[in-house]
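Participant: Sequence:
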Amino acid sequence: MVKKMMRRLTGLLYLMLAFCLPATGWAACTGTPKSFSVYGQPKVPVFKPDVANGTVLWSSPMLNATVDTGVLSCTGGFGTVTMTGTGSYNSTYKTFSTNVPGIGLRISDPSGSYYPLNTSVWSTSNSLSTNATFYIDVIKTGTVTSGGAITGNIVQYAAQGGSYPILYVYLGTPIVINPTIPTCAVTTPSIVVPLGNIARNSFTGVGSTSRAQSLNIGLNCTGGATGVMATVYTTLTDQTTPSNVSDTLSLTAASTAKGVGIQVLNGTNVVSYGADSKTIGNKNQWAAGQTGNGTFNIPLTARYVQTAATINAGTANGIATFTIGYQ
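Numbering-wise, the sequence shown is residues -27 to -1, 1 to 300 according to mature numbering (1 follows the signal peptide of the UniProt record, and there is no 0).
If you're looking for bench data, these hints aren't it; they were derived computationally from the structure. Remember, it's a predicted structure, so these values are computed and weren't measured experimentally. Glycine is no exception: its CB is placed at the ideal position from the N, C-alpha and C atoms. Please note that the accuracy of each hint is not assured.
In silico SDA-like cross-links for lysine to any residue, where the CA-CA straight-line distance does not exceed 20 Å [to be verified]:
{"id": "1", "residue 1": "K16", "residue 2": "I253"}
{"id": "2", "residue 1": "K67", "residue 2": "G27"}
{"id": "3", "residue 1": "K231", "residue 2": "A293"}
Restraint ranges, calculated between C-beta atoms of paired labels, are given here [as the list claims (entries may be wrong)]:
{"id": "4", "residue 1": "P272", "residue 2": "Q14", "range": "35 to 43 Å"}
{"id": "5", "residue 1": "S86", "residue 2": "T118", "range": "31 to 39 Å"}
{"id": "6", "residue 1": "I164", "residue 2": "G200", "range": "29 to 37 Å"}
Put together the whole structure using the sequences plus the hints.
Facilitator: As structure tokens, then:
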């Protein structure tokens, strides 16, 4: 079975900063910058990745802020404060790059001026009181071949012409990017793997195995935009013992053999079992690869493994289900 598995970004963020500074000449800053995280409910809609570069994919308010304390001291004042994004700057779209290729953030102040910006704070005051208020647009800036989540530090305020950071702004809620990706259907809903008749004396002790036999999980994937890939994730679940998270499949209750179990391998790696869940990050789930539109195969092998010092002859069958998730 197959189970399938973010407008102007407005942030009104108030942060009061107080620094005791001597009103002397321009000099260095020392100490630790302040930082805060912004939280919201970013919902970039699913989009076709072949839309034109420069397209605004989403804009919405950034809500809430938590403030962590920090101490910074700048001799003679903060001078000119530079406000900028933290990725590389794209002058064509006035964006800063993100950890999702082809996606940038365009940041602006309440007047509509885009970052990077400079402002002269004061020349004689020994303290700074400021509002951190900005807007963010999520912009397509280049080729998008997969989705992802924008996270981490997105804005920096720096004193004395950008030389000394005084504020860091982090995304407390990731901005999830969802291009149109293929959806997949299983073409091999029931797979029978004959493991053969194995002589007891072919096993040499606990952990010894029989010869592995091949099997293949087949998928047919459609509906994705040209060039866009989906990452396929797979979980095997032990139907006899669903709570099993080991790397040995239980024998069915009707099996009469004792002292053996079944292993499934992904390449040279023995697969461990997990819950029947499509959730990305499910225990013992693994990434099987990436696919665009078309067929996708997950080649595996299976074998018997000796699990006890003594083996009793008989039938030895196991049943596992596979759950496919993709993003």
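Participant: Output the indices of the hints that this structure fails to meet, ascending.
Facilitator: none
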